[in-house]
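A.B. asks: Sequence:
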Amino acid sequence: MKTNLFFYFLIINIFLIQSIQNQQKSIKSLITSLETETSRSYSSLNEAWLWSLLDEFSGLGLFGWSVSIYEDVIVIGNLGGNQVFVYRYNGSNLIQEQILSESSSYFGYSVSIYEDVIVIGAYDTNKTFVYRYSGSNWNKEQILSELVPYFGCSVSIYEDVIVVGAYGGKQAFVYRYNGSNWNKEQILSVLVSYFGYSVSIYEDVIVVGAYSSAQVFVYRYNGSNWNQEQILSELVSYFGCSVSIYEDVIAIGAYGGKQAFVYRYSGSNWNKEQMLSESSSYFGYSVSVYKYVIVIGAYDLNQTFVYRYSGSNWNKEQMLSESTSYFGYSVSIYKKFIVIGTFGGNKAFVYEFNFNTQANILNCSSLFSSFDCYWNKIEFPSPLEYQINYGYDWIDIDSPILKDENVYYQQFNSSIYDNITGNEYYSIQIKVCDLSSMVCGESSSFINLTTKIDSVKDFLLSNPSNYSINIKWNYPNVRIDEGIAHVDHYNLSYFKQFEPDSISSISVDNSSLDCFLNNLECKTDYNISICGCRTQECEGDDKGEIIESSISIIFAEVTNLTCSISYSLDINCSWNQPINCSIPSYYNFSYQSISQNDSGNYQSTLSNQQFTAQIPNQEYQINISACNSNEKCGDIRTTSITTNNLPLAPTIYQINSKIEEIEINFTKLINANNYLLSIDNGTNWQKFTSLDLSGNEVIGIINGIAGNIEYNISIRGCSDLNCETLYLGEPSSIISTRLKLGNITSLNCYSLINGFVCTWDILNLSTGLKGYSFNYNSTSICLTNSLSPYYSISGLNEEYYYEISVYSSADPNCLFNEYSGIKSTISFTSSSFQCEPYQGNDNSTNTTSIVIGILVPIIAILTIIFGIILFKKKRKKQIIKEIIKEKELQTDLNF
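Residue numbers (numbering that gives the first Met the number 0): 0 to 894.
If you're looking for bench data, these hints aren't it; they were derived computationally from the structure.
Treat the numbers as computed from the prediction; the structure is a model and nothing was measured.
The C-beta atom is built at its ideal place from N, Cα and C for all residues, glycine as well.
Hints are not guaranteed to be accurate.
As the list claims (entries may be wrong) - Derived Cβ-Cβ restraints for the label pairs, each shown as a range:
hint, residue 1, residue 2, range
1, N655, S594, 41 to 47 Å
2, D541, L361, 23 to 29 Å
3, P148, R175, 20 to 26 Å
Said to hold, decoys possible - Below, a list of computed lysine-lysine pairs in the DSSO-like style, where the Cα atoms sit at most 27 Å apart:
hint, residue 1, residue 2
4, K183, K139
5, K315, K376
6, K334, K290
7, K315, K290
8, K522, K631
9, K257, K315
10, K271, K169
11, K667, K657
12, K522, K471
13, K315, K334
14, K822, K657
15, K657, K769
16, K271, K257
17, K334, K271
18, K686, K657
19, K376, K290
20, K471, K456
21, K376, K402
22, K495, K456
23, K686, K667
24, K631, K456
25, K271, K315
26, K376, K334
27, K631, K471
Model the full structure from these sequences, guided by the hints.
C.D. replies: Put into structure tokens, the structure is as follows:
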């Protein structure tokens, strides 16, 4: 019963179709057209290329109702048997791979394939079936179903998106694969009859036909939704009965007007590019587009038309025709195959594009590690691609150059093409391919050649060292076998500039990548060239591409480079000029700290240079090279030196000279833990008697030193507390000072007969003493002949009161000045002793008186003499003690 209903529906459907085509056409005419045998036609623009029948398939029960192709797999719907046949092309034949079957009525009404997924519509049960290829079988993956009439009347798939039309509900359903399931993503719906009758998808664009209103709706996916982008409409009946999209082209059938329309996307709009029309009834009932080819079915006269895009127009390329009824009812194209269904004869036909065109190589020439070729240009309506094979595989020729209107040119080198090297033999062929069908014409005849050797890579002349050059290079672009270049040898030539007759050549083994040129002349420019060679003779085409450079032989290294450093981080360097060459114009001198925070550069005409380093306790690298007047410098001589971390020279702010003592104010140094003092021009250093480090400045005191002597004061810091020799800082500038003489002490005077004698002491007796100024009353006496601390006066006749003062003098004339000692003053009254003259009376009294008168002065004189002797002994002991003390002090100073 179900089968009877199916065929009843089919008869009604056929009747409706025929009545729409031409209500005046009789059934008899239709039968006559089906029974009439007509010859197969290949009406083509050019017999050099055409679509020819590859194979045909037969079946039962409306076999060929729907067709679809992707790569080498063809899907054909057999509506009457609820079956779908899958065929695979093995390179020479189409082999039936599998029959898919379901119990659902109208299974196979619509089909679509992409990669390893087939979608099959069965609209009578409102279902759509999804099959996936496992590598050996097509397995049912999922059934899509909606409670909408005619769900599955049209299907289309691209990548992970399926579109299913349901024109009974004026809808189209979009499903997306998430890796395990096909989930409904969106329902497209427009209140227009027959919306969803035809669907097609490519990338992010869906096209939905609604032929009853002569409209086609275009949707674009924005990443989350499918939004209506544009409505295409023409005043032609059945516009939208069939749709197909590929890249930026939409083909739309309108069989009511025997037309098909082509729209192209401009980047913002879909614009009508061309209207195609034929006199055949039902032209446009089915359409399929791929790249530059559109296939349009016109099944009423059993015809299918192929159009090709020329870059500006779509031109009819070929009309295909078979004697089977309804030929062209369904069509599908992919690359070089066209599949046409004809359910009236239960057949499907597969056509293959034949591109019987040959590109001819006009000439190929050997170049350095490359070659170039000229070949004839092929005239063809749509874009072509040229391919080349030079012994490995066919590869596309990238952007050939049109030398004139009939000839192409291209250079083939390793920068674009693989496996092209120098000194290699190549057999070259070229062929031309149709970019739409990807079918290529016959290969050209062979041209054989051997490429030349190109220049070596990374050619480098090192800075000349001691009048020799190290020359380095890398392999040219040739085959390398186990580290050896595919060349016979390298030829190296050199000569003095402006003296080409001085040329010399050497041969270098093919396994080497460097060599030395020795014993070159100083201050001479050389031209140096190198090339790889095919043969030992290295002439003509056997000589590789030459690469050359020049270099100046300047100077060898300077000699005897030495550097020293002072406390203030001043670095002094000296050197001798290079040997075996004239005096340089200047020396290039540079330095840099290891931390790279301190650097500098000088040009010196002398063989020495000084600079001040900025970083203590830091290693400095010093470079120097000799240069000529053209600023070409020779080999660099390098040395290094490490700056010290010793204290810098302090600054003396103030010196206060006192008796036996000097007080000095000077800079407190950051890295000094103690200080030393020199009073003799830095010859001897001693510690201070005392140091006051509490303030921002240092106050140092040294005492026990003599006056009226010039002292040359200098100070230096010590980085250690004990001031050992290795840790002594830089001395300060020398400042001179002089101390006062010592004061007079213990001044005493004694009366004598007709006079008196005075004795005294002096503090800190020193060699700076020039004399004593002895003063009594208004009389001043300069004592310079003897520096003994006493003085006697005689010849006074009576007692007298005296004011006596004495001071030490730094002046040989005993003048008082800033270095003189402080005066010592006493008051003194002298006593007068006078003996009575002898009267001649010889009595005891007189004699006693005379004796007493004589003895008293003698005793007084003896007393004075004895006192002087004792004083001198005492003074001698004092001087000896001072000498011993001075020697001890000298020992400390030497330390």
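A.B. asks: Evaluate each hint against the coordinates.
C.D. replies: A quick look at each hint next to the structure:
no. : hint                       : in the structure
1   : N655 with S594: 41 to 47 Å : holds, 44 Å
2   : D541 with L361: 23 to 29 Å : holds, 26 Å
3   : P148 with R175: 20 to 26 Å : holds, 24 Å
4   : K183 with K139             : holds, 18 Å
5   : K315 with K376             : holds, 23 Å
6   : K334 with K290             : holds, 8 Å
7   : K315 with K290             : holds, 15 Å
8   : K522 with K631             : holds, 9 Å
9   : K257 with K315             : holds, 15 Å
10  : K271 with K169             : holds, 25 Å
11  : K667 with K657             : holds, 23 Å
12  : K522 with K471             : holds, 22 Å
13  : K315 with K334             : holds, 18 Å
14  : K822 with K657             : holds, 16 Å
15  : K657 with K769             : holds, 19 Å
16  : K271 with K257             : holds, 17 Å
17  : K334 with K271             : holds, 24 Å
18  : K686 with K657             : holds, 18 Å
19  : K376 with K290             : holds, 22 Å
20  : K471 with K456             : holds, 9 Å
21  : K376 with K402             : holds, 10 Å
22  : K495 with K456             : holds, 24 Å
23  : K686 with K667             : holds, 16 Å
24  : K631 with K456             : holds, 26 Å
25  : K271 with K315             : holds, 18 Å
26  : K376 with K334             : holds, 23 Å
27  : K631 with K471             : holds, 21 Å
Violated hints: none; the structure is consistent with every hint.
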